[in-house]
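Take the sequence shown: its position 167, counted from the start at 1, is 1150 in the numbering used here, and no numbers get skipped.
Keep in mind the hints are simulated off the structure, nothing from the lab. Please note that a few of the clues may not be correct.
[Claimed, not checked] Derived pair list, reagent style DSBU-like, types lysine-lysine, alpha-carbon separation capped at 30 Å:
| no. | residue 1 | residue 2 |
| --- | --- | --- |
| 1 | K1149 | K1015 |
| 2 | K1197 | K1157 |
| 3 | K1149 | K1090 |
| 4 | K1187 | K1157 |
| 5 | K1179 | K1213 |
| 6 | K1090 | K989 |
| 7 | K1179 | K1197 |
| 8 | K1090 | K1107 |
| 9 | K1107 | K1015 |
| 10 | K1015 | K1213 |
| 11 | K1090 | K1157 |
| 12 | K989 | K1015 |
| 13 | K1015 | K1157 |
| 14 | K1179 | K1157 |
| 15 | K1149 | K1179 |
| 16 | K989 | K1107 |
| 17 | K1213 | K1187 |
| 18 | K1149 | K989 |
| 19 | K1107 | K1157 |
| 20 | K1107 | K1213 |
| 21 | K1107 | K1149 |
| 22 | K1197 | K1187 |
| 23 | K1197 | K1149 |
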Amino acid sequence: GSCAQKVILFQGCVQPGLAPNINAAARLLLEKMGIESVTVTNELCCGAISHHLDAQERARETARRNIDSWWPYIDPPGPGAAGSIQAIVHTASGCGNFAREYADLLKHDPVYAEKAETVSGLVKVISEIIDARALASLVTMPDTPIAFHSPCTLQHGQKLTGVVEKILSELGCKLLPVADAQICCGSAGTYSILQKDLSMELRKRKLANLECNKPAMIATANIGCLMHMKSGTDTPVKHWVELVAEHLH
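With the sequences and hints as input, model every part of the structure.
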C-alpha cells in the first residue's frame, strides 16, 4: 500500500568494507518496525573526506552524483509515485552530518540547489528513525553495563545529544555515566591521520572516561569513532544498532 514506509539506507564508503554488519543490523531493525530499506548501488562516499581535506569542488561533485543516484527514489515520475522514499538514513553520524550540508554546499548551483535542499531535508541519522517503543517487546538487552560514546557529529553537528542514550535506556540497557561526554574521541574525520599525536591523546582520555566504571562494552554511533577507539582498547566497541539487533528475539 501507499502508506508503507520506505527509506534509502546509505552505504557509506568505509563501512561496507570494515563493518558490513552495521548496515545489516540497521536494515533488520527498520524491517521490524515495518520500514523497507532500499540500497542504491551507484552512490558514492558522502563527500565529507574531500570536505575535510578542503577539496571543495570534489565534495560538490560527489554531492551532485549522490543526488543524481537518489533522485529517482525521491521524485519518481508517472503512476505509482507513492512508492517514493520518506528519508535517506545514515548509520554513520559523520556521513549524516555531511549529507545534511548538501543544501549549503550547492546553494549557488543553478541545476542542483533546489534538489540539494530537498535531499538535505530527507537526511536522517538512524537514531531519529528508530522507535524504542516499537522495538521494546522484540528486544531483551543484556544486563551488563554499557558505556555510550556520543560522536561529535551527533552532538554538535546534528544537535542530537541524548537521543541514542534514551533509546538504549528505554530498551533496558544499563548505561554508565561518562565524564566529559562532549569531548571528541580524536577520530574527527581525517584528523586521526593528519594530527596523529593530538588524536592519540584525545583517544586515551576518551577511553579512560568510558572505561572508568568497567563497562562490558562501549557503544557508539559513527564508524570513524568506532574504528579509532577499537584500536586503543580490549573492551568490545560496537555500533549501537548492532548491539540492539543482536538482542532481538
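With a cut-off of 30 Å on the C-alpha distance, tell me whether K1090 and K1157 pass. Violated: K1090 and K1157 sit about 44 Å apart, past 30 Å.
Between K1149 and K1015, does the CA-CA distance stay at or below 30 Å? Satisfied, since the Cα-Cα distance of roughly 19 Å is no more than 30 Å.
Assess, step by step, whether the Cα of K1015 is no farther than 30 Å from the Cα of K1213, and give holds or violated. holds (29 Å)
Could you grab the alpha-carbon distance between K1107 and K1157 and see if it respects the 30 Å cut-off? Holds - the C-alpha atoms of K1157 and K1107 are around 26 Å apart, at most 30 Å.
Between the alpha carbons of K1197 and K1157, is the straight-line distance 30 Å or under? holds (12 Å)
Taking 30 Å as the top limit, are the C-alpha atoms of K1149 and K1179 close enough? Given pair K1149, K1179 is violated - Cα atoms ~33 Å apart, limit 30 Å.
Distance restraint between K1149 and K1090, which requires alpha-carbon spacing of 30 Å or less: The hint is violated at about 35 Å.
Does the structure keep K989 and K1015 at a Cα separation of 30 Å or less? holds (13 Å)
When you check the alpha-carbon spacing of K1179 and K1157, does it fall within 30 Å? Not OK: K1179 and K1157 at ~33 Å, beyond 30 Å, violated.
Distance restraint between K1149 and K989, which requires alpha-carbon spacing of 30 Å or less: Roughly 24 Å between the alpha carbons, so the hint for K1149 and K989 holds.
If you draw a straight line from the CA of K1107 to the CA of K1149, is it 30 Å or shorter? Given that 30 Å is the threshold and the Cα spacing comes to 17 Å, the pair holds.
Starting from K1213, check that the Cα of K1187 is at most 30 Å away, please. Roughly 12 Å between the alpha carbons, so the hint for K1213 and K1187 holds.
Hints 3, 11, 14, 15 from the list above are not met by this structure, while the remaining hints are.
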